[in-house]
Structure formats: C-alpha cells, structure tokens
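As they're listed, the protein sequences go chains Z, L and X. Sequential numbering from 47 applies to the first sequence in the working numbering. Sequential numbering from 7 applies to the second sequence in the working numbering. Sequential numbering from 97 applies to the third sequence in the working numbering.
Keep in mind that the hints were calculated from the coordinates and are not lab data. A portion of the hints provided could be inaccurate.
[What the hints assert, rightly or not] Here are the simulated EDC-like pairs of lysine to aspartate or glutamate, each with C-alpha atoms no more than 20 Å apart in a straight line:
#: 1; chain 1: X; residue 1: Lys152; chain 2: Z; residue 2: Asp239
#: 2; chain 1: X; residue 1: Lys150; chain 2: Z; residue 2: Asp239
#: 3; chain 1: L; residue 1: Lys87; chain 2: Z; residue 2: Glu81
#: 4; chain 1: X; residue 1: Lys150; chain 2: X; residue 2: Glu237
#: 5; chain 1: X; residue 1: Lys100; chain 2: L; residue 2: Glu123
#: 6; chain 1: X; residue 1: Lys198; chain 2: X; residue 2: Glu161
#: 7; chain 1: X; residue 1: Lys150; chain 2: X; residue 2: Asp171
#: 8; chain 1: X; residue 1: Lys100; chain 2: L; residue 2: Asp110
#: 9; chain 1: X; residue 1: Lys150; chain 2: X; residue 2: Asp138
#: 10; chain 1: L; residue 1: Lys134; chain 2: L; residue 2: Asp150
#: 11; chain 1: X; residue 1: Lys99; chain 2: L; residue 2: Glu115
#: 12; chain 1: X; residue 1: Lys152; chain 2: X; residue 2: Glu185
#: 13; chain 1: X; residue 1: Lys99; chain 2: L; residue 2: Glu129
#: 14; chain 1: L; residue 1: Lys134; chain 2: L; residue 2: Glu115
#: 15; chain 1: L; residue 1: Lys46; chain 2: L; residue 2: Asp173
#: 16; chain 1: L; residue 1: Lys46; chain 2: L; residue 2: Glu181
#: 17; chain 1: X; residue 1: Lys100; chain 2: Z; residue 2: Asp91
#: 18; chain 1: X; residue 1: Lys152; chain 2: Z; residue 2: Glu242
#: 19; chain 1: L; residue 1: Lys134; chain 2: L; residue 2: Asp173
#: 20; chain 1: X; residue 1: Lys100; chain 2: L; residue 2: Asp150
#: 21; chain 1: X; residue 1: Lys198; chain 2: X; residue 2: Glu135
#: 22; chain 1: X; residue 1: Lys150; chain 2: X; residue 2: Glu207
#: 23; chain 1: X; residue 1: Lys152; chain 2: X; residue 2: Glu207
#: 24; chain 1: X; residue 1: Lys99; chain 2: L; residue 2: Asp150
#: 25; chain 1: X; residue 1: Lys100; chain 2: L; residue 2: Glu129
#: 26; chain 1: X; residue 1: Lys152; chain 2: X; residue 2: Glu226
#: 27; chain 1: X; residue 1: Lys99; chain 2: L; residue 2: Asp110
#: 28; chain 1: L; residue 1: Lys46; chain 2: L; residue 2: Asp36
#: 29; chain 1: L; residue 1: Lys46; chain 2: L; residue 2: Asp215
#: 30; chain 1: X; residue 1: Lys198; chain 2: X; residue 2: Glu238
#: 31; chain 1: X; residue 1: Lys150; chain 2: Z; residue 2: Glu242
#: 32; chain 1: X; residue 1: Lys99; chain 2: Z; residue 2: Asp91
#: 33; chain 1: X; residue 1: Lys249; chain 2: X; residue 2: Glu237
#: 34; chain 1: X; residue 1: Lys100; chain 2: L; residue 2: Glu115
This one's a predicted model, so the numbers in the text were calculated from it and none came from an experiment.
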Amino acid sequence: MIGFFAKLGGWGLQALTRLGRAHLLLLSMMRGLLEILRRPRLLLDQVFSVGVLTILIIAVAGLFVGMVLGLQGFYILSRFGGETALGLMVAASLVRELGPVLTALLFAGRAGSALTAEIGLMKATEQLSGLEMMAVNPEHRVLAPRFFAGFLSVPLLAALFSMLGVMGGWMVGGGMLSVDQGAFWNGMQNGIDFREDIINGVIKSVVFGFVCTWIAIFQGYDCVPTSEGVSRATTRTVVHSSLAVLGLDFVLTALMFS
Amino acid sequence: MSKAENIDPTPPLVRIRGLRFRRGSRWIFDGVDMDIPRGKVTAIMGPSGTGKTTLLKLIGGQLRPDEGTVEVDGENVHALKTPDLYRLRMRMGMLFQSGALLTDMSVFENVAFPLREHTGLTESMIRKLVLLKLEAVGLRGARDLMPSELSGGMARRVALARAIALDPMMIMYDEPFTGQDPISMGVLVQLIRRLNDAARISSVVVSHDVTDTLRIADQVHVISNGRVVESGSPAQLQESGGDWTRQFIQGLPDGPVPFHYPAASLREDVLELPA
Amino acid sequence: MNKKTVIEIWVGVFMALGLVALFFLAMQVSNLGTAYTGETFDVNARFDNIGGLKVKAPVTIAGVEVGRVTGIRYDAEDFRAVVVMGIQEQYLERIPEDSFAKILTAGLLGEQYVGLDPGGSEDTLAEGSEIAVTQSALVLEEVVGQFIFGKAKEGT
Ligand SMILES: Nc1ncnc2c1ncn2[C@@H]1O[C@H](COP(=O)(O)OP(=O)(O)OP(=O)(O)O)[C@@H](O)[C@H]1O
Ligand SMILES: [Mg+2]
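Next up, chain Z with everything else stripped away, as it sits in the complex (with noise of 0.2 Å):
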C-alpha cells in the first residue's frame, strides 16, 4: 500500500518535473526568436518541412470532408425543406470546428511526428551535443525556428483547409445536388459573422499549432536517446497532441460561444 503511494508520488513528481522542463524550453525558444529575427532563412527552411510538406495532406482531405459534409448535409436539410441553408452549415462546422480541429489533428500526425523523431535522433546521434560544444544553442538554432514555423503554419493550413472544405461542400451541394447558387452563398454569408466564427476559428487553430508544435518538439528533445525511446517520443507526440486538441476544443469552444 505505502509502495503504491510512493510509486504514485513519484510518477507525479516526474510529471511536474517533465513540465517543468517544457516550459523552460518554451521560454528558452521565445528568446530564440532574436536570432530567427536576425536569421529569417533558419525559418524558411523549416515552414518548407514542416508547413508545405502538409499542404497536399490537408487540402484533401478539406477537399473530401467538405464534400461528405455536403452530402450529408443535403439529405438531412432536405428532409426539412431546408437546403438553401447548406451552405451555412457546411461553412458553420468548417470554420468554427472541422477545419481548426482535423487541420491540428492532421499536422500532429505529419508534421509533429516527423518533427519529434528528427529531433529525438539528433538527440540519439548527438549531433545536439555537437552543437553545445560548438557554441551553437540548439534551443534557439535548431528547436527555436521548427517552433514558429509550426505556430505560423497551422493557422495557414486550417484556412486552407476550410476554404477547400466549402468548396468541396458547394461542389457536391451546387454541382451534384442542385441547390441554388444565390441561396447558398447568401445563407453562408448572413450565417457566418467574421468577428464570431471566423477570427474565431483563426484563433482555435493558433491555439492548436502552438500547442502540437511544442508538444512535438518537447517529446523529441526530452526523449530517452535510443531507438526505442524516439519511437516511444513519436507516438506520444501524436497521442498529447489529439488528446490536448480535442480538450483544448471544448474548452475554447465553451468560452467563445456560449
């Protein structure tokens, strides 16, 4: 029993510890922006790995959530007599959840994995050593500009994402479906406030990118430097990441809607 505790201490011991550490490494990133400032290219190169190499993943899938959610939407809105407001709510539920939501899912699955094994190998490899000893901080050369390049890019893909999920959903509800063009598009835009639903949704989707992105690059940095901790990181980076998301979700959903 008194085992029992104790095992339960430690691990809450650890996990303080553990973010303890994450913030620390936050903190020691937002310092990082100075020479990101000063060495913009360090940026560029990672919003290239880490934010156009998920384009092509997040514009199909916005592509085919939008068309499902046009689908569905018309059979049940036509049960009612209601498919001019299709476009509404396919634009609704983009805008406001689906397209800030499975964006951050989605990039946790791209780009936060591959950016939490780079790192955790270069961990393993020492290169991170290397690079103390060479006077180089990694936190600010090499964590520093992955971080930002995430933060800035997940708000870019989730517009992305919702703007080829509306078109997908005028696609199948306009072309396939015939619903009027005019009421489609007006139901949207009466529907849709910018200052609620829009800047809203930007807002979830900077919260989100912040969130995975430092998720991602904490597993990797704080990982045990072997094969199997990196792979251990990995999938931790994924499964914090949904879970924070998802939790993050409802709560900033509570606070900007109710």
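Go by the hints and put chains L and X with the ligands onto chain Z.
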C-alpha cells in the same frame, strides 16, 4: 599531481579538483584531481565505461559535477553564465566519439557550420578555410557527400576538420583512432601532433589504443574506478612498469583495472543467492 | 535552379495560398464582404411580442436590406419590447414616418427579421424617431392555439 606543477610553472589549461560525479547511485568519479597542461598532448586512458567521455563532457560544461570544480583557462566552467560558457566553448573543439555530424548538411556545410555561426567571413573565405581543413584530414574530395554516405572513420575525420575550423585553444578528441586503417591512423597521429606543435593547440586525447596514444602523448592520465590511478609521461609510465600498463598492453582481463562492470559475485548472481 | 530557391518559392506559394484562404473566408464565406460598415441612424419601434428576433437581424424594405437590429430591450412602463434599428445613413430622410414595421420569418423555420412597409407621409424617419404602427412576430404556438380554438368554435 604536485610533480606536474613543479615541472610546469605556467598555470594549467584545465584544472580539475575534487571532482565527484554520479549517474544514479553509481559514482563515476569519486574525487578526481587532474591538471592538463597548455600546449601539450595529454592522453586520458582507461577501460571502456570508466567515464572518459563523461570527463570530456564535464570539462566542456555539458554535465554538472556533484562536487568539485573544473577550471578551463582560469575560469570555473560550471560557475559561468551561459553566454560566457558559450564564449569559452568557442575556444574548445571537441571531437565526438560518434562524429556528431549534422545529418541534413553536406560534408562541406558541416565544416563550414561553426564558421558561419561564429564569424562574419565572406563566402569565398569560408570556402578556402573549409577546403584547407578538409585537405588536412584527406577528405577534400568528399566535400559534397552527405554524412550518411560516409564510413565511420571518414565521419570522424570530417568531425575533426569541423572541430579545428575555428582554430580553438584546445581540442578534446574522444577516441579519434577507432575505425581508422593504419594509414589514416598514422596521418591522424601526425595531424594531432602537428596541430599541437605548430598551432599551439593543446590536445586531450581519450583512447584505448595504448601504443598509438603513448606515441603521441606528452602526459598520460589513467583513470579507473572513478579515480586517477597513474599519471606521468609515457616514458615514466613504461619505465615504472605499472600494473595497468602491463595489463593494458597485454590485454589481460584481470589486474588493477577491472574488466567487469561492478556487480555482485558471479556465484551469487548465477545461483540467485540473496546478496 | 538550386534547392534554396525552390524552397523559397514553395514557402512563398504556401504563404500566398494561406493568405488567399483567409481572405476568402473573410470576404466570401462570412458577412464581412457584404456587411454595411458605414454610418447609421437609430430608429425605435415598439412591439407587443418580438418572438425570436435577435440583435443583428436584418431590417428590410421590399426585401432589400437597409439596416440591422442593434438593440432589443423591454420597457417595463408599457410592457412592450423596444427594438432599436440602425438604418444606413443613405436612407436618412428617405423613409416615410408612418411606415409600418412587422417581424417576419425567412422561410418556414428561418431566422426572423424586421420588414418595413413604407407609408405615404411627407415626414420622414430620422435619428431617434419612433415607428408607431407595428405588427408582432407570429408565434407558432399562438397560431396553432387560435386555429384549434377557432375549429372548436365552429364545431359547436
Ligand atoms: N546518460 C547516461 N545515463 C546513465 N548512465 C550513463 C549515461 N551515460 C553514461 N553512463 C554511464 O557512465 C559510465 C561512463 O560512461 P562513458 O561514456 O563516459 O564511458 P567511456 O569511458 O567513454 O567508455 P568508452 O570507452 O566505451 O567510450 C558508463 O558506465 C555508463 O554506464
Ligand atoms: Mg566514450
């Protein structure tokens, strides 16, 4: 210890006093005192797992001792503020056991990396310097290869070129000879000697390779069981015919230097007797 | 073209795409592109029952939007709801004072909005004027109730 101080009146480059360091509950170092003189090649020897790499990391300020001090060029490494520590590290080169090359850059870019980070040199200057350093390790032709395309020995030589890129005041070599064929080994031994004599770079060489290390070292420290067990010049050590030298040269499993990682006796372990 | 330039181009394309998407969401999907952002003047109207009317609901004349509901409050003196409407400046002194305001529903189950029927008066609505003649919202339960009540009367 006092012997070395008597011979050399200038203060040592690295001065280690009362160093204690542990991993978990095991003391890797238990009271190490050591001086590393300027402008000489100092070898640190000891069996695998005694903490030679750990010692280099303590000197470089990557690990923090539990007790004791490490001074490099008169500065207490672990009391320095981060920017000062980084300034000090710019004057220390370190060759990692694994090479630690940046895998997303070519050989050329790896050697150019410290120059680009710390100097404002023009591209043509950097090119010249990098090619010279690569020439010194015999890999000028390999400049466009990626680290994944190098053999272990080649990677270590590239890492050496990178370590000397900034012309540091000291270089720490962690196992520079493993994985080298006799020719490149000879070249490396000469290179370390030459860097030391011509460029006045102090060298710390960590190695298992007794014959080659004794050939280039001016001063040898042997660590075992968390302590310095013998130190002196190679000649002194060979003359004194200390037990460790005999054991090392002849490769005997038993002697003052234990081959085994600390453990309960084999009989207890195998028969699963309570300790 | 070397690798650096390719990366630069792609990052540029990515940034442009992202910004285009944000712009699209703002102008095409939301009300920012269509919303009136100019000056307005306030006109009040009192209703017995506003049903489900909400702030920001459109105010229309002949189906064309001329303003938005900017405030709704309850007047405890006469037990009626006061709806404040922000009418676009261009219609200042253009809408007859005796216009008729009613609360309508877009479609069978749609959002509610205010419809103005212009009257014939020479005087026009200005800042702070009050519309005298109003028709309350159609509350479904009341309509159904009246219908059943009417049927019951017929039956006897
Ligand atoms: N990260 C670590 N965590 C726990 N123990 C460690 C860690 N790194 C090293 N050790 C322990 O410290 C001891 C010294 O390791 P070190 O790498 O310094 O040995 P070494 O003398 O360089 O050996 P080799 O000659 O094989 O390179 C080893 O016994 C090892 O078990
Ligand atoms: Mg070692």
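Quiz prompt | Index of numbered hints that the structure contradicts, given in increasing order | solution = Going through the list in order, the structure violates hints 21, 28 and respects the others.
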